[in-house]
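Q: Chains as they are written, first to last, in my numbering: chain A, 1 to 463; chain B, 1 to 316.
Possibly wrong hints are sitting among the right ones.
[Stated by the list, open to error] Label pairs and their in silico Cβ distance ranges: (1) B:78 x A:49: 49 to 57 Å; (2) B:250 x A:239: 31 to 39 Å; (3) B:81 x A:397: 57 to 65 Å; (4) A:66 x B:250: 45 to 53 Å; (5) A:147 x B:67: 27 to 35 Å; (6) B:131 x A:135: 43 to 51 Å.
[Claimed, not checked] Listing some non-contacts, in silico: residues in chain B with all C-beta distances to chain A over 12 Å: (7) 91; (8) 106; (9) 127; (10) 142; (11) 155; (12) 183; (13) 202; (14) 240; (15) 256; (16) 306.
Hint data in this document are derived by calculation from the structure and do not stem from the laboratory. Fair warning: this is a prediction, and the values are worked out from it, not measured in the lab. Here a beta-carbon is modelled for each residue, glycine too, at the ideal position from N, C-alpha and C.
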Amino acid sequence: MLGSSRIWKRRPLGFAAAIMSGALVLAGCAGGGTPAQNGAQGADQGPADSGEVSWWGWTPDQAPADAYIKAFNKVYPNIKVTFKKLTIDGYDAAIRPALASSVGPDVFDVAPGAANGSVDIYGVNALDLKPAVEKVLGADWESKLAPIGVSSLKNGDKLAALSVGSVFSGTIWVNKDLFDKYNLQPPTNYDEWKKVCETFKANNVGCFVQGAAQTAFNEDTLQAISNNVQPGVWVKAIAGEVPWTDPTIVKALTLWKGLFDDGIMQEGALGTQQYPDANNGFMSGKYAMVMMGSWYMQYSTVEGMTAAISGAGVADPKPFTQLPIRFPDIAGTGNVGGVYGDADFGLAVNQKSKNIAAATTFATWLGTSTEGQQVVADVLNDIPALVTSQPNWDTVKLVNPEVQKPALEQLIADAGKSSEPRLATVVADLQTAIGVASTTVAAGDATPEEAAATLQETASKIQ
Amino acid sequence: MTSTTTSKTGRRPSGHSAPGRKARSGATRPSGLPWILPAFVFVVGILYYCIGETGYLSTLDWDGVNPNPTPVGFDNYTKLFQDPIFYQAIWHTVVFFIVTFAAQTALGFGFAALLHSKIKLGTLYKVIVFTPVIIAPATMAPVFRQMFAADGQLNWFLDHIGLSFLSQPWLAQSSTAMPVIMFITVWNFTGLTFILYYAAMGQIDPEILEAARTDGASNFRTLISIVWPGVRGTTVALAMLGVIGALKTFDVPYLVTIGGPNYATEFLGTYIYRMSIPSAHVGYGAALSVMLLILALLGAIFVAVRANRKDGDTGV
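Whole structure, please, built from the sequences with the hints as guidance.
A: Shown next, in the form of structure tokens:
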């Protein structure tokens, strides 16, 4: 190829270049690998009470994460945990190559279902945490943890992650200060909701905000409406036990469309994202109501709300009183108050981590220890995984304790009674199809019947 | 002109080239291969390896993580040719290219011509026109989302100048979301078109322009008949880049509309991402990527062939 076998004598630089090229080829090949070759186990587990642990997740917010880490460091001062918060939409794109490499995070978030960080997908990269949990909680460990956090974070037989806590949806959060300002009461039915929105609109205040462009959140609202029409049908449709063309689903889609047509949903909802747009709209006081779940409890505290308002771009944040209310009875059936939820996120230990022992210490401490779960309870981001943990209301500084505490206690009690899953049983393609149904109906591109039929067609292919 | 004769006959002028080649052939010819080999291997090793790997992935049913992907042959391609969103994305790309290329060319050419005419504060205008090129779309996306929101600045402005009947939720409607994406792209890249035209216009022989003016040609006539043909090479290059850029469009639609509403701003790039990452259909996403590569090559070849044919016809 080079024209002469003695080229190295005549053209030493050229020969060196050729050798370097060969080395580059080999280096390039060495860096590759088929999918089947990825997934080696970490060899060195490192010490359990010292080292550096990197943790990647889309949740919690930075402030709760800092609170968790601070509490952890009181017990394990020699383990330095660094939390890297990624966006909801960007998490999968970041974590997939990170886990395929040998320099990924030591601890990473996973969640049940097909949403970001699906345990079904990324669980293969996780260490089985069952032995570690048995070691700290004993052989009857499962009875000490919320069942929803154990069953939904398994990957096969492996306990792929430890639930930090659960989140539930089906609630609307209201800015009580705005309601009080205009002498309004939170709506309990469709007519009241319309009147409330008319009043807010007349005063140049947004009423209800939803980021309908981020379609996963449309599922929350549709599930709430469907449960209002007939409880349980939505979950059965996801399981394939009833068709998506069931009258309850069609009715739910019709009512969903009504929210857009009757001025309840904000104008331009289909071009709005739940995060950051809708969240910022509510936190900045532009809107009085937003469809969010129990994870919004954390903004009931002075510290949590101040940070959230500041994060929404308000220069001089002043906390307001926010309250969870039951989804209004827009179907007129009286079926209200139901919430549905999953394990919010679980901490998985990367099996390629070079600090497996320290990473496992952190995950098990936060997910199973009394101290760790008390911090989780007090931060109010999640309903704790350890069944005995409850918020210590004496230390939680709410913005308006007198009004907020009973409402939050009620929400926690409702969540404790619920066994209805939120996203855990929805596969990715079905989630996409539900999203398309929600936006085509809202835009008027399809009737509720047509959208339901298309949804059923897609669902039948998936199943 | 010599070039006209050459291209029309389709033959190289004989004479000096053949002896030149002969003189440099054989044992005394310095071989460049070893010198380009590192770069060659780097390109082949990185770029073409990735293309090959993508081709291989397109034959799998794989979520991107599972160590045991399922080989499915060409099933992903069969599925792709039956996928209405795929055709919708291609249609969007075609419309997007035609509109943005036409707008950028008109604006870029116009700005370049104006700024060649020694106007006051010309340097300042150049900076203003070119600045959007260096701003990352990720930086500007939230600004445009806010500007075009239903309660955004555009509607506020329309309301305050008595055009409230025009205000609407721009990003929430299929009919207006795509024009917004096109507007942002034109805003973002017109500076690049301008700078290339500006440089190309500087290469036109001033004597030709002088001669045109002496013959009584107006400014507009000079622009159309002298300057525009004179920068034809730049236009062809921009068209080629435009085709490839349109096919690769991702950041603006993803960051501003997430490809919606209802796939109204879905491009191949956003669809590949949607399939590969949130939906975890990495094999299908790879098949879409291979199709994107093929379409980009075909588009670039089509523009180049058309340009060469026109060169042959006109002798330019």
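Q: Could you run down the list of hints and mark each one as holding or not?
A: Hint-by-hint comparison with the structure:
1. B:78 x A:49: 49 to 57 Å: Since the Cβ atoms of residue 78 of chain B and residue 49 of chain A sit about 55 Å apart, the hinted range of 49 to 57 Å holds.
2. B:250 x A:239: 31 to 39 Å: Roughly 36 Å apart at Cβ, these two residues keep to the hinted range, so it holds.
3. B:81 x A:397: 57 to 65 Å: This hint holds: roughly 60 Å between Cβ atoms.
4. A:66 x B:250: 45 to 53 Å: violated, 34 Å
5. A:147 x B:67: 27 to 35 Å: holds, 29 Å
6. B:131 x A:135: 43 to 51 Å: violated, 60 Å
7. 91: Consistent with the label, residue 91 of chain B stays out of reach of chain A, its closest Cβ about 16 Å off (over 12 Å).
8. 106: Correct as stated: the minimum Cβ-Cβ distance to chain A is 28 Å, above 12 Å.
9. 127: holds, 29 Å
10. 142: violated, 8 Å
11. 155: Violated, since 9 Å does not exceed 12 Å.
12. 183: holds, 15 Å
13. 202: holds, 38 Å
14. 240: Non-interface label on residue 240 of chain B holds, nearest chain A Cβ at 29 Å vs cutoff 12 Å.
15. 256: Given a closest Cβ separation of 9 Å, the condition is violated.
16. 306: About 37 Å separates residue 306 of chain B from the closest Cβ of chain A, which puts it past 12 Å; holds.
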